[in-house]
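Enquirer: Just so you know, the sequences run in chain order A and B. Counting in this note's numbering, the first sequence runs from 424 upward without gaps. Counting in this note's numbering, the second sequence runs from 424 upward without gaps.
Don't take every hint at face value.
[Claimed, not checked] With a straight-line cut-off of 25 Å between C-alpha atoms, the simulated SDA-like cross-links for lysine to any residue are:
(1) A/Lys447 to B/Gln450
(2) A/Lys475 to B/Asp463
(3) A/Lys476 to B/Phe454
(4) A/Lys458 to B/Glu511
(5) B/Lys560 to B/Glu462
(6) A/Lys475 to B/Gln469
(7) A/Lys447 to B/Glu437
(8) A/Lys447 to B/His513
(9) A/Lys476 to B/Gln469
(10) B/Lys458 to A/Tyr480
(11) A/Lys458 to B/Leu516
(12) A/Lys447 to B/Arg451
(13) A/Lys447 to B/Gly533
Note that these hints are calculated values from the structure, not bench results.
2 protein chains.
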Amino acid sequence: MYYSSQSLERLISELTRLPGIGRKTAQRLAFFILKQSDEDVERMAQAIVEVKKNTRYCSQCFNLTETDPCPICQDNKRDYTVLCVVEEAHDVLAVERLGQYNGKYHVLGGVLSPLDNSGPEDLTIQGLVARCKDGVKEVIVATNPSMEGEATAIYLSKLLKPLGPKITRIARGIPSGSDLEFVDEVTLLRAFEGRSDL
Amino acid sequence: MYYSSQSLERLISELTRLPGIGRKTAQRLAFFILKQSDEDVERMAQAIVEVKKNTRYCSQCFNLTETDPCPICQDNKRDYTVLCVVEEAHDVLAVERLGQYNGKYHVLGGVLSPLDNSGPEDLTIQGLVARCKDGVKEVIVATNPSMEGEATAIYLSKLLKPLGPKITRIARGIPSGSDLEFVDEVTLLRAFEGRSDL
Numbered sequence: 424m425y426y427s428s429q430s431l432e433r434l435i436s437e438l439t440r441l442p443g444i445g446r447k448t449a450q451r452l453a454f455f456i457l458k459q460s461d462e463d464v465e466r467m468a469q470a471i472v473e474v475k476k477n478t479r480y481c482s483q484c485f486n487l488t489e490t491d492p493c494p495i496c497q498d499n500k501r502d503y504t505v506l507c508v509v510e511e512a513h514d515v516l517a518v519e520r521l522g523q524y525n526g527k528y529h530v531l532g533g534v535l536s537p538l539d540n541s542g543p544e545d546l547t548i549q550g551l552v553a554r555c556k557d558g559v560k561e562v563i564v565a566t567n568p569s570m571e572g573e574a575t576a577i578y579l580s581k582l583l584k585p586l587g588p589k590i591t592r593i594a595r596g597i598p599s600g601s602d603l604e605f606v607d608e609v610t611l612l613r614a615f616e617g618r619s620d621l
Numbered sequence: 424m425y426y427s428s429q430s431l432e433r434l435i436s437e438l439t440r441l442p443g444i445g446r447k448t449a450q451r452l453a454f455f456i457l458k459q460s461d462e463d464v465e466r467m468a469q470a471i472v473e474v475k476k477n478t479r480y481c482s483q484c485f486n487l488t489e490t491d492p493c494p495i496c497q498d499n500k501r502d503y504t505v506l507c508v509v510e511e512a513h514d515v516l517a518v519e520r521l522g523q524y525n526g527k528y529h530v531l532g533g534v535l536s537p538l539d540n541s542g543p544e545d546l547t548i549q550g551l552v553a554r555c556k557d558g559v560k561e562v563i564v565a566t567n568p569s570m571e572g573e574a575t576a577i578y579l580s581k582l583l584k585p586l587g588p589k590i591t592r593i594a595r596g597i598p599s600g601s602d603l604e605f606v607d608e609v610t611l612l613r614a615f616e617g618r619s620d621l
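I would like the entire structure built from these sequences, with the hints used as guidance.
Expert: Right under this line is the structure:
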C-alpha cells in the first residue's frame with residue numbers, strides 16, 4: 424500500500440523520472456512542495472512550463488536563448504573573428520563565468536560518438552562551416568577532454584583548417600590545486616606535452 | 424553573465440529552492456526538462472500544482488489524504504483499538520510497506536523540540552488524547568529513536584497512561600545485517616536493555 428493521496432503518488436512518480444532522483448529523494452521533494460505556499464508552488468510549475476515554451480536554439484550559435492539571435496550573437500562589442508566551439512549550452516555558461524573571453528560561441532549539441540550513433544550530421548557542424556567562411560580568424564575547440572571530445576576536436580581541425588581560420592585546442596593538464604601524485608597518466612602526459620616556457 | 428534564456432534562469436533558481444538540490448543539480452534537471460516532450464513537461468507541472476490542491480490532512484489521524492477521513496481511518500477491517508503514533512506521514516508509508524500492521528495510525532506532525540520552539544500545542548496531541556478516550560487498548564509509539572523522538576515518547580507515555588491504554592515503544596537495537604563492532608554505544612546499550620529470551 425502506498426500513500427492515501429493519489430496526487431502525492433503521481434507527483435512522486437513524476438519526480439522520479441528526473442535524472443539522479445530516486446524514490447526516496449522524490450518523496451522528500453514532494454513533501455517539501457506540499458509545505459510550500461500556494462504561490463510558490465504555482466510559480467515553480469509555471470517556470471517548468473515556460474522554460475519549454477520560451478527557450479529555443481539560437482540560429483547562429485545554437486546556444487539556448489529566448490531571442491533569436493541570442494544576446495551574445497547580437498553583441499557587436501564581441502569579437503566575431505574568434506569562435507569558441509563547445510559541446511553543450513551549459514559549457515557556454517562555464518566559459519562566460521570566467522569573464523575573460525570576448526569572442527563568440529558555437530554550440531555543437533553533442534560530440535561525435537560512433538557507439539551512440541552520433542555522427543557529424545547530428546551536430547551543428549554545417550552551421551559552423553558556414554560561419555568559418557565568414558571572416559573567422561580563430562576557432563578555439565573547447566570540447567571536453569574525453570575520448571569523444573578529443574576525436575571531435577581532431578575531426579573539426581581537419582574539416583575547418585582548409586577554410587582558413589587557425590584552429591586551437593584548450594590546454595589539457597593538471598588542474599590547479601591538484602597533486603602530481605594523484606593525477607592519472609594521460610593527464611600527466613598531456614601536461615608534459617603542453618609545457619610552456621617559464 | 425548567466426544563461427541567455429531568462430526562463431531557464433528562472434527554472435534553475437526555482438529548482439535550487441528544493442532541499443538537497445544545488446545549482447549544478449538544478450541545471451542538470453532543467454536541461455533534462457528542456458529535452459522532454461511538451462506533454463511530459465505539462466504533466467509534471469500539473470502534478471506539482473495538484474498535489475497542493477488535492478491533498479489535505481485526515482481529520483482523525485492527520486495522515487495525508489485526498490478523502491477525509493483517509494482510507495485507513497475508513498477501513499473497518501482494521502483494528503481501531505491499536506494506534507501507531509508516528510512523527511510524519513511518510514512514516515505511515517514505512518510501516519504500511521511491512522504489510523503486517525493492521526491497526527490505525529496517528530500522525531503527530533513533528534516532535535517535541537524546545538530548541539526549535541516546537542511544543543505539544545504544535546503537534547496533533549489533542550486529537551490523540553481524544554482518540555485514546557475512545558476504546559483504544561494499545562498505543563505503539565513509533566517516533567524516531569532520536570533525542571527528540573525519545574523525549575516525545577516519554578511525554579506521550581506520561582500523558583496517555585492515565586487514560587487507560589497500554590503504551591508501548593518500538594524496539595531500539597542493532598539493525599539486521601549490521602555488525603556489533605561498528606554500532607554506536609547508545610544503540611548497543613539499547614540492544615542489551617531490550618534483550619529477549621531465546
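Enquirer: It remains to establish, for every hint, whether it holds in the given structure.
Expert: Hints, one by one, checked against the model:
Restraint check: the Cα-Cα separation between A/Lys447 and B/Gln450 comes to about 21 Å, which is no more than 25 Å; the hinted pair holds. The hinted pair formed by A/Lys475 and B/Asp463 meets the criterion: a straight-line CA distance of about 11 Å does not exceed 25 Å. For the proposed pair A/Lys476 and B/Phe454, the alpha carbon gap of about 14 Å is at most 25 Å, so the pair holds. As the CA atoms of A/Lys458 and B/Glu511 are separated by approximately 13 Å, the hinted pair is consistent with the 25 Å bound.
Of the pairs offered as hints, the one joining B/Lys560 and B/Glu462 is violated, with about 51 Å between alpha carbons and a cut-off of 25 Å exceeded. For the proposed pair A/Lys475 and B/Gln469, the alpha carbon gap of about 14 Å is at most 25 Å, so the pair holds. A distance of roughly 20 Å separates the Cα atoms of A/Lys447 and B/Glu437; the hinted pair therefore holds under the 25 Å criterion. Of the pairs offered as hints, the one joining A/Lys447 and B/His513 holds, with about 10 Å between alpha carbons and a cut-off of 25 Å not exceeded.
Distance restraint check for A/Lys476 and B/Gln469: the Cα-Cα separation of roughly 15 Å lies within the 25 Å cut-off, and the hinted pair is therefore satisfied. With a C-alpha separation of about 12 Å, the suggested pairing of B/Lys458 with A/Tyr480 holds against the 25 Å cut-off. Only pairs whose Cα atoms come within 25 Å are accepted, and A/Lys458 paired with B/Leu516 is accepted, the gap being roughly 18 Å. As the CA atoms of A/Lys447 and B/Arg451 are separated by approximately 19 Å, the hinted pair is consistent with the 25 Å bound.
A distance of roughly 19 Å separates the Cα atoms of A/Lys447 and B/Gly533; the hinted pair therefore holds under the 25 Å criterion.
Of the hints listed earlier, the one the structure fails to meet is number 5.
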